[in-house]
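S.K.: Sequence:
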Amino acid sequence: METAALERGNCHTCRQRRVLGCWLNKEAGEAAFRCCACLDEHGSGDVADMPAGQLIGDCATNWWACSEPPEHLLDVPPGFLSLSHWNLGQSAAELFTTVCDPDHSYFSGLGAERVWHAGLELARHLWQSSWPTSPSVVELGAGCGLPGMVLARRGARVTLTDVPWLLKLIEYNIEANFVEDDPLRPSVSSLRWGSQEDLRELQK
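Per full-length UniProt numbering, residue 1 is the first one in the sequence shown, and the count goes up by one each step.
Note that these hints are calculated values from the structure, not bench results. Be aware that a few hints might be false.
Said to hold, decoys possible - Estimated spans, in silico, between C-beta atoms of each pair: (1) Leu83 with Pro132: 29 to 37 Å; (2) Cys14 with Val179: 45 to 53 Å; (3) Gly79 with Glu201: 17 to 25 Å; (4) Leu74 with Glu41: 41 to 49 Å.
Here a beta-carbon is modelled for each residue, glycine too, at the ideal position from N, C-alpha and C.
Using the sequences provided together with the hints, build the complete structure.
M.R.: In structure tokens:
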């Protein structure tokens, strides 16, 4: 089997929920999700032979979030997400807002929960450091995207990447820090480990 990107979902073989694994038989129109442990034990075959009653939840994204996120940050009801403000200096240009989802109202995974201390320290370092004029930057596993947004505001051409189900969270953070027609506004792209499709899209 060609190496596939790991996603999260509910295993159709062992019935574990919220596990890493891969979708199988997508091309044949009989897609089934199998966790990494079952892939090790059973391989990628025999999906079509599984009893129909064994198949559970077909969604591999937002697997522990309560509901799907609204289109825009302004549409989110009060109290569903957590906003924090970070002043990296003395001027208004040095104030950043981050949007997190510690209760997993809309977004699953650790990347949605908070701005990690290392990310905040990196953001401070990037804001104070000297950089080449207009570098191109790709932030991997951006989560709330604070370091990447710092570089974008400093003039870098930034693409913030993460797993597909966290891209809307990144967009919320961009909305909180950049107006729609801001030329410094970062772009957003899916990037999963092992996904050649995501890599090709990113390189366009």
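S.K.: None of the hints should be skipped; say for each whether it holds.
M.R.: Status of each hint after checking the structure:
1. Between Leu83 and Pro132 the beta carbon distance is about 32 Å. The supplied range of 29 to 37 Å therefore holds.
2. Between Cys14 and Val179, the C-beta spacing of about 48 Å keeps the proposed range 45 to 53 Å intact.
3. Checking the proposed 17 to 25 Å range against Gly79 and Glu201 shows it is violated: the Cβ atoms sit about 35 Å from each other.
4. Restraint check, Leu74 to Glu41: a C-beta distance of roughly 47 Å satisfies the suggested window 41 to 49 Å.
When each numbered hint is compared with the structure, a violation occurs for hint 3 only.
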